[in-house]
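A.B. asks: Oh and the sequence shown: position 244 is 240 in our numbering, straight run, nothing missing.
The reader is advised that the hints may include incorrect statements.
The calculated PhoX-like cross-link candidates involving lysine-lysine, where the alpha carbons are at most 25 Å apart (straight line), are [what the hints assert, rightly or not]:
#1 K231 to K130
#2 K110 to K265
#3 K91 to K35
Taking CB as the label site, the calculated pair distances span [claimed, not checked]:
#4 D255 to R139: 18 to 24 Å
#5 R57 to S217: 28 to 34 Å
#6 R57 to E87: 53 to 59 Å
#7 G228 to F76: 35 to 41 Å
#8 D255 to K231: 16 to 22 Å
#9 E84 to D290: 31 to 37 Å
#10 R119 to G219: 31 to 37 Å
#11 L289 to R135: 26 to 32 Å
#12 S232 to A123: 23 to 29 Å
Derived by calculation from the structure, the hints in this document are not laboratory data.
Positions of the beta carbon are idealized from the N, C-alpha and C atoms, including for glycine.
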Amino acid sequence: MTRPYSSDLRERAMARVAAGETIRVVAAALRISPSCVSKWSGRLRATGSVSAGQIGGYKPRVLSGAHADWLRARMSSAPFTLRGLAAELAERGVKVDYRSVWEFAHREGLSFKKTVVAAEQTRPDVARKRARWKAYQDRIDRRRLVFIDETWVKTNMAPLRGRSPRGQRLRAMVPYGHWKTMTFLAALRHDRIDAPWVVDGPINGELFQLYIQQILVPTLSPGDIVVLDNLGSHKSHAVRSAIRAAGARLFFLPPYSPDLNPIEQVFAKLKHLLRKASERTVENTWRRAGELLDLFPSGECQNYLTNAGYASV
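Assemble the whole structure, with the sequences as input and the hints as a guide.
C.D. replies: Printed below as a string of structure tokens:
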């Protein structure tokens, strides 16, 4: 390890600077770099000493003690970015880089997550319904639960990100002028994906009723609990009657509550896999969607329900 310059050399350099010599003249005379003389001058002005700092060994974290307490309080009080926190710390006289703030956040158990949720969830009427649902959701035998929903799939789906050499754009060719949109419907149970169906085009009340009567109902057993979101097309008399005629019960989720419907996690994975497949025809997209359902094993389906707050079996 390189040894620091002696205190005697440092003091002689500073004496010559104090006498009026320029940094470069002092550096040339003492055969050291101008940057050394400049740094020693700065250290002398800041601390009153030119003694060498510690080299190696244990160095306490800057973000500790009172600084750490302030940072914890700041993180819990309002939204933040890591670079923004580094700038705020600098304003308080604490000089740290982005990496130091990232490591602090990591030690505190904070990870990078999505931020957007429906603001309507804070509305008193919605909040009451959500609280009531959450109070009972872990008391239901989830082996009876059947979560129904729909999502779109398209023939222009492609991976959202990829890799390319630094300095070069990554270009993926996808249709921008003409593509087809389909609707994928399915039921999530605690151990499988059930009753999948694909519609060519957007869904409407008539098609949803057809799905319930011809695709879903044959899979239901007496005592099943069918859970739907609050979409108007889900609430028709025909839909309610068909489900109840099968001996099943019907519940509607609170408004603005996709987080309480675990099938949303299924759709997120399915869309990721469809983007990766990048099928460009309706027929191939239908076929691929069916094949991808084999990638949702029983244990994974159980995890989706657990993650949404429904009690384990």
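A.B. asks: Now, for every hint given, state plainly whether the structure supports it.
C.D. replies: How the hints compare with the structure:
1. K231 to K130: Satisfied, since the Cα-Cα distance of roughly 22 Å is no more than 25 Å.
2. K110 to K265: 16 Å, holds
3. K91 to K35: Given pair K91, K35 holds - Cα atoms ~17 Å apart, limit 25 Å.
4. D255 to R139: 18 to 24 Å: 22 Å Cβ-Cβ, so the 18 to 24 Å window holds.
5. R57 to S217: 28 to 34 Å: 59 Å, violated
6. R57 to E87: 53 to 59 Å: Between R57 and E87, where Cβ atoms are some 20 Å apart, the hint is violated.
7. G228 to F76: 35 to 41 Å: Given about 39 Å between the Cβ atoms, the range holds.
8. D255 to K231: 16 to 22 Å: Distance hint for D255, K231 holds at roughly 21 Å.
9. E84 to D290: 31 to 37 Å: 50 Å, violated
10. R119 to G219: 31 to 37 Å: 34 Å, holds
11. L289 to R135: 26 to 32 Å: 30 Å, holds
12. S232 to A123: 23 to 29 Å: 28 Å, holds
Comparing the model with each earlier hint shows violations of hints 5, 6 and 9; every other hint is respected.
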